[in-house]
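Chemist: Chain order of the listed sequences is H and L. First residue of the first sequence? That's 206 in the numbering used here, and the numbers climb one at a time after it. First residue of the second sequence? That's 206 in the numbering used here, and the numbers climb one at a time after it.
If you are wondering where the hints come from, they were derived from the structure by calculation, not from laboratory data. Even glycine gets a Cβ: it sits at the ideal position worked out from N, Cα and C. Please note that the accuracy of each hint is not assured.
To be verified - Cut-off 20 Å, straight-line C-alpha distance, at most; resulting in silico cross-link-like pairs (SDA-like, lysine to any residue):
1) L/Lys536 / H/Pro250
2) L/Lys455 / H/Arg531
3) H/Lys435 / L/Thr309
4) L/Lys532 / H/Lys435
What the hints assert, rightly or not - Label-pair ranges, simulated between beta-carbon atoms:
5) H/Asn430 / L/Gly376: 39 to 49 Å
6) L/Ser212 / H/Lys393: 20 to 30 Å
7) H/Ala366 / L/Gly398: 34 to 44 Å
8) L/Lys532 / H/Gly319: 42 to 52 Å
9) H/Ser212 / L/Thr444: 29 to 39 Å
10) L/Lys532 / H/Ala601: 50 to 60 Å
11) H/Gly539 / L/Pro508: 53 to 63 Å
As a plain string of letters, each chain reads:
2 protein chains.
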Amino acid sequence: MPGPDISSYRDLDPVTRILMGPGPSDVPPRVLRAMAAPTLGHLDPDFLTIMSETQQLLRDVMQTENALTIPVSGTGSSGMEACFVNLVEPGDQVAVVVNGVFGTRMVDCAGRLGADIIQIDADWGRAVQPEAVEAALKGKQPKLFAVVHAETSTGVRQPLADIVKIVKDSGALMMLDCVTSLGGVEVKLDAWGIDAAFSGTQKCLSCPPGLAPLSFNEKAVAKLNARSSKVPSWYLDLTMVGDYWGSARKYHHTAPINMIYALRESLRIILEEGLEGRFARHQRNSEALIAGLETMGMKMLVPAEERLASLNTVLIPEGADDVATRKALLKQYGLEIGAGLGPLAGKMWRVGLQGHSSSERNVLLFLTALESVLSAQGVKVQPGGAAAAEAVFAKAR
Amino acid sequence: MPGPDISSYRDLDPVTRILMGPGPSDVPPRVLRAMAAPTLGHLDPDFLTIMSETQQLLRDVMQTENALTIPVSGTGSSGMEACFVNLVEPGDQVAVVVNGVFGTRMVDCAGRLGADIIQIDADWGRAVQPEAVEAALKGKQPKLFAVVHAETSTGVRQPLADIVKIVKDSGALMMLDCVTSLGGVEVKLDAWGIDAAFSGTQKCLSCPPGLAPLSFNEKAVAKLNARSSKVPSWYLDLTMVGDYWGSARKYHHTAPINMIYALRESLRIILEEGLEGRFARHQRNSEALIAGLETMGMKMLVPAEERLASLNTVLIPEGADDVATRKALLKQYGLEIGAGLGPLAGKMWRVGLQGHSSSERNVLLFLTALESVLSAQGVKVQPGGAAAAEAVFAKAR
Numbered sequence: 206m207p208g209p210d211i212s213s214y215r216d217l218d219p220v221t222r223i224l225m226g227p228g229p230s231d232v233p234p235r236v237l238r239a240m241a242a243p244t245l246g247h248l249d250p251d252f253l254t255i256m257s258e259t260q261q262l263l264r265d266v267m268q269t270e271n272a273l274t275i276p277v278s279g280t281g282s283s284g285m286e287a288c289f290v291n292l293v294e295p296g297d298q299v300a301v302v303v304n305g306v307f308g309t310r311m312v313d314c315a316g317r318l319g320a321d322i323i324q325i326d327a328d329w330g331r332a333v334q335p336e337a338v339e340a341a342l343k344g345k346q347p348k349l350f351a352v353v354h355a356e357t358s359t360g361v362r363q364p365l366a367d368i369v370k371i372v373k374d375s376g377a378l379m380m381l382d383c384v385t386s387l388g389g390v391e392v393k394l395d396a397w398g399i400d401a402a403f404s405g406t407q408k409c410l411s412c413p414p415g416l417a418p419l420s421f422n423e424k425a426v427a428k429l430n431a432r433s434s435k436v437p438s439w440y441l442d443l444t445m446v447g448d449y450w451g452s453a454r455k456y457h458h459t460a461p462i463n464m465i466y467a468l469r470e471s472l473r474i475i476l477e478e479g480l481e482g483r484f485a486r487h488q489r490n491s492e493a494l495i496a497g498l499e500t501m502g503m504k505m506l507v508p509a510e511e512r513l514a515s516l517n518t519v520l521i522p523e524g525a526d527d528v529a530t531r532k533a534l535l536k537q538y539g540l541e542i543g544a545g546l547g548p549l550a551g552k553m554w555r556v557g558l559q560g561h562s563s564s565e566r567n568v569l570l571f572l573t574a575l576e577s578v579l580s581a582q583g584v585k586v587q588p589g590g591a592a593a594a595e596a597v598f599a600k601a602r
Numbered sequence: 206m207p208g209p210d211i212s213s214y215r216d217l218d219p220v221t222r223i224l225m226g227p228g229p230s231d232v233p234p235r236v237l238r239a240m241a242a243p244t245l246g247h248l249d250p251d252f253l254t255i256m257s258e259t260q261q262l263l264r265d266v267m268q269t270e271n272a273l274t275i276p277v278s279g280t281g282s283s284g285m286e287a288c289f290v291n292l293v294e295p296g297d298q299v300a301v302v303v304n305g306v307f308g309t310r311m312v313d314c315a316g317r318l319g320a321d322i323i324q325i326d327a328d329w330g331r332a333v334q335p336e337a338v339e340a341a342l343k344g345k346q347p348k349l350f351a352v353v354h355a356e357t358s359t360g361v362r363q364p365l366a367d368i369v370k371i372v373k374d375s376g377a378l379m380m381l382d383c384v385t386s387l388g389g390v391e392v393k394l395d396a397w398g399i400d401a402a403f404s405g406t407q408k409c410l411s412c413p414p415g416l417a418p419l420s421f422n423e424k425a426v427a428k429l430n431a432r433s434s435k436v437p438s439w440y441l442d443l444t445m446v447g448d449y450w451g452s453a454r455k456y457h458h459t460a461p462i463n464m465i466y467a468l469r470e471s472l473r474i475i476l477e478e479g480l481e482g483r484f485a486r487h488q489r490n491s492e493a494l495i496a497g498l499e500t501m502g503m504k505m506l507v508p509a510e511e512r513l514a515s516l517n518t519v520l521i522p523e524g525a526d527d528v529a530t531r532k533a534l535l536k537q538y539g540l541e542i543g544a545g546l547g548p549l550a551g552k553m554w555r556v557g558l559q560g561h562s563s564s565e566r567n568v569l570l571f572l573t574a575l576e577s578v579l580s581a582q583g584v585k586v587q588p589g590g591a592a593a594a595e596a597v598f599a600k601a602r
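Just chain H, same shape as in the assembly (with noise of 0.2 Å):
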């Protein structure tokens, strides 16, 4: 039985919205340009200058000289997945952090692969301090270490210097999760000793969802190389995709061109602003947002100083209507902003100011916008949350 005539599909034109959810994020304009550039082969000459640019860009970009950094051919938790499938072989002991949706996902996801866990868990909401997993690799000797920077389910920013000492000093390699850190709040592998890392696209980097940048140091390579075992994915084996981008340019399997078209743009873009000037306007936007949330007199989950300025996390305030809220901001106003998560689902918004969305007017329309739905509601929010984050502003003016 075939489906609906094909004259009953309209023509592709998705409403405009403002994204500030989780992710993705807004694109810009000249990354939606690049990526509809008309595609080329995959071993076409001009296309592999195309990807030791982006190659380049993506190391600038993460603060790495490694070699093997990459965008994988999968949204950002096949990054997650290449990581893990490629560093983790059936019995080795894998340490990882849960306090949030990401973390979690992580011991799913290694867990699968055979890997004997360690979960260090910390409270939704907060970052894990140094003295738990001191604690719990007391005596252990983990392969592997997983964290996320960025708990996109939380909004949560991990201080890294101190875990990152133990972790080394327990023989283990450090993965480092900034799906939603990377080019809106400071990444910088080599410096941290960071010898895995993956992020996806569509946060920070305002490009589309469809790649996830990744990077192993050499001790990471030295590691794979070393396996006993096959990596059990054919997919995101790095010994046969690491040909692909490196300086064979073997063939594995066709690479989405289009997408690293986009990817390249979107670098290009992070880089023409300035890594430095790019993280101080995420801290900016993230500060005027909160100053004018906490002048409405609403709470933030996180404490100021593990807050992550590409997603910020509210309470939401008695009274008030998750989804009906959530609705109102779409409906009236285009404006896209997430749900709480798990255990946090139904008690907090997340608001994401990632990359291409993190600007002052989104900050300014969605305060007003959010003092409207709420009021309207019958929700008692006091007046000035917009002035509260223009005063921020006009400060760093």
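Fit chain L to the known structure of chain H by using the hints.
Modeler: Frame of chain H; chain L shown alone:
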């Protein structure tokens, strides 16, 4: 050490090619334009509609009513891996036909998952015969049988009717790689009794690479649901991915939004043309190309009755320089064709006529260009190749 100054990276402006290799094929401007529409959130009500439409269009093109019909978030090979990781448990007997690179790849992929492989070899450049399948399965009870419908490395189209009957009798699930056939050569999942199939977007669908259409029927879903172990891949676990694409619309990973826009448009174009008309166009253009090549004195690798209209494999004539010929076609005419792979490297060329690239003018240009390039090398070529192709077109008008 930072890379070169950002101003040294030029605006993206890829050279214009005519893609007549094994894929990607040329992408119609309509598809590129749809892909560049503003990015929506992966749970936006507007995007959920686009998802449903894309799934129904995909069912129509795959000629199936399977509920679990989705684009996997990776390139074609991720579709292969998704089939195997979901359908294979360690120790399962899996029969795989190997008569080219992509059969070999399936053995590699299934082997990594602990499958007990029954490898059924056939000559590269020939289809496997039903008798060989029958003999190989005799007394065995494989859980899964996998075969390539359209071998991109050899240009063989595998006849399936007799084989499906044998496989059904064995009790195995029937899995089909239709990467290079879907949308260009007849593929009827339901009528043919295929239990699981995967494809890629960058071949006869003429959409950029980045997604892998996949379809499981109820028997395949039942096998998945009856697993005694978790699917070893988190990213490709269809029990969870299926919850996002199914009625629950439950978040699993962020879908590659803009790639899905592109796929929807490419499927719409296919159904506007009509499947029968599209298959006839692919067949006619292939026949014209072959008439031209044979008139020039060249020989095809594959016997007429097993040829794949979307990928034409021609033996390199005596005295011709493989690499120099492909380079000259690319440099002088912007024409990309494919090299031979594995044991066929240096022995043949692969000329794709897939989707948007399958056109009369591409056939005529290629024959004319090839005659010129070979003649310049001093290779003896009979004249009249393009005229012979034109005669095929004229007859069909």
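Chemist: Each hint: holds or not?
Modeler: Each hint tested on the structure:
1. L/Lys536 / H/Pro250: It holds: about 10 Å lies between the C-alpha atoms, which stays within 20 Å.
2. L/Lys455 / H/Arg531: 17 Å, holds
3. H/Lys435 / L/Thr309: 16 Å, holds
4. L/Lys532 / H/Lys435: 36 Å, violated
5. H/Asn430 / L/Gly376: 39 to 49 Å: 41 Å, holds
6. L/Ser212 / H/Lys393: 20 to 30 Å: 23 Å, holds
7. H/Ala366 / L/Gly398: 34 to 44 Å: Violated - the Cβ-Cβ distance for H/Ala366 and L/Gly398, about 60 Å, lies outside 34 to 44 Å.
8. L/Lys532 / H/Gly319: 42 to 52 Å: 47 Å, holds
9. H/Ser212 / L/Thr444: 29 to 39 Å: Since the Cβ atoms of H/Ser212 and L/Thr444 sit about 36 Å apart, the hinted range of 29 to 39 Å holds.
10. L/Lys532 / H/Ala601: 50 to 60 Å: Because 55 Å falls inside the window, the suggested range holds.
11. H/Gly539 / L/Pro508: 53 to 63 Å: Between H/Gly539 and L/Pro508, where Cβ atoms are some 59 Å apart, the hint holds.
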